[in-house]
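Protein chains: 2
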Amino acid sequence: MYNVLLLYHNGWQSPVYNIFVYLHVFEYLRSYINRYSAAPLTDQEFEILSSAFQPRSLRKKQYFLQEGEVCKYMGFIVKGAVRQYSVDDKGVEHIVNLSIENWWVGDRESWVMLTPSVYNIDAWEDTDLLVITRADFLGLLDSVPAMHGIIKSLDEKHAIATQKRLTASISFSAEKRYADLASRYPELLQRFPQHLIASYLGITKETLSRVRQRSVKK
Amino acid sequence: MYNVLLLYHNGWQSPVYNIFVYLHVFEYLRSYINRYSAAPLTDQEFEILSSAFQPRSLRKKQYFLQEGEVCKYMGFIVKGAVRQYSVDDKGVEHIVNLSIENWWVGDRESWVMLTPSVYNIDAWEDTDLLVITRADFLGLLDSVPAMHGIIKSLDEKHAIATQKRLTASISFSAEKRYADLASRYPELLQRFPQHLIASYLGITKETLSRVRQRSVKK
DNA sequence: AAAAAACGTTGACAAATGTCAACGGAAAAG
DNA sequence: CTTTTCCGTTGACATTTGTCAACGTTTTTT
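For the protein sequence lines, the chains are A and B, in the order given. Residue 218 is where the first sequence ends in the working numbering, and the numbering goes up by one at each step. Residue 436 is where the second sequence ends in the working numbering, and the numbering goes up by one at each step.
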């Protein structure tokens, strides 16, 4: 069930994982998907869904996507932490996204348009993903109609979140943006070092350090 | 054809418009939709589509959506210019979007989630729109399956554009962001005054004025 | 036509943020 | 265990951007 055999043959063979963990991982995906679905997926639908994904592990610092490549996979983080960033003319990295368990990673633009990506995506911690290719993704949409609604719901949530972040970036001070991030995604602050959080907020690590100091005093 | 009678009865009776203009407007929407569609819509599909939209005119400064309301309509701008903004605790307006012909307006979050909007949307110029309610929109998706792909394509483009703007906002200086806007959407600079452009970029009108002066000297 | 409002610019100054350099502690590598 | 790298903080100073006020011009309203 749940394509355990297939998984095994696909070679996700990190010694940490055994067959029971595979089951757990796909149950994780299942509960996640059902959360965004009008009606729960049937066992059969879920069978199809799970066979479309492949497990993949990334060592810390290993690339999921490198600038110039076309983004061929979307990944769902089962365990770990991943960052997405661009590098400017001066070699400075600008963090575009920080992602942990339960989040999707990949460059939407490159994935949809099949153009080379301007971003890098790499693992900040050792990370386990479930990945899907564009072809399998489109096949999945065909064979499991309920996926359309699920994907749409995910896309809507993503669009809303991006819009909110953009609004905050334009309207709020660094201090307020940090407070907002801290209240909304406190876990990110614990999983990533401050210089990455700073870059994510669009400020330097020194400024973030001072902002935090001020907010402690209050 | 194209529901001209319906339009008339819906009361879009600005003296400027006559029956030929209605036709033109829907042809406009048709060519726009076809641009994002795999296969052109049939006449019949387009008949259904056009009956789902209602024409609506806004006078300059008239609200399309006010903070606290649920966004019940999405609007396609046929002619005119519209701004979307939030107002902070100090009463300062922060421009979230500036839109002209061929663009959609509405607050996605409120529209999808049926929650009160935190934004205001009003007409900067006298504006003609084609609007659709959520119910009609969902009905349209049901009765014209090709719309799913079209909407998805539009959503994807929107998501990519928002992501780009966010990346720019975090990574680039005010000067670079202005140059980017000027090269990408030169028309916006001519349709909206500088203090709105400045707010859209997340800077003050004085800073924008100085940025422009510097860029002329170069 | 006159008055009012909106708009863009400029100057002086204040505040926020960036840059560079240095330091010490923590974590990772050997 | 030792060495190296990474990380967060701090200080001094530079740069960018914001704030406030004033001014002239254009546009809108009356």
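It is possible that part of the hints are untrue.
[Stated by the list, open to error] Heads up, simulated EDC-like pairs for lysine to aspartate or glutamate below, C-alpha to C-alpha not over 16 Å straight-line:
#	chain 1	residue 1	chain 2	residue 2
1	A	Lys157	B	Asp306
2	A	Lys164	B	Asp398
3	B	Lys375	A	Asp155
[To be verified] Facing chain A, from chain B, some residues (calculated, C-beta under 7 Å):
#	residue
4	Glu245
5	Ala364
6	Glu374
7	Leu384
These aren't lab readings, by the way, just hints derived from the structure by calculation. Treat the numbers as computed from the prediction; the structure is a model and nothing was measured. We treat Cβ as the ideally placed atom computed from N, Cα and C, and that holds for glycine.
Here's how the hints hold up against the structure:
For the proposed pair A:Lys157 and B:Asp306, the alpha carbon gap of about 24 Å is over 16 Å, so the pair is violated. Distance hint between A:Lys164 and B:Asp398 is unfulfilled; the C-alpha atoms sit about 21 Å from each other, more than 16 Å. Straight-line distance between C-alpha atoms of B:Lys375 and A:Asp155 comes to about 12 Å, which keeps the hinted pair within the 16 Å bound. About 28 Å separates the beta-carbon of B:Glu245 from the nearest beta-carbon of chain A, more than 7 Å, and the hint is not met.
Among the interface hints, the one on B:Ala364 is violated; its C-beta lies about 14 Å from the nearest C-beta in chain A, farther than the 7 Å criterion. Against a cut-off of 7 Å between C-beta atoms, the interface hint on B:Glu374 holds, since the closest Cβ of chain A lies about 5 Å away. Hint status for B:Leu384 relative to chain A: holds, with the closest Cβ pair at about 5 Å, below 7 Å.
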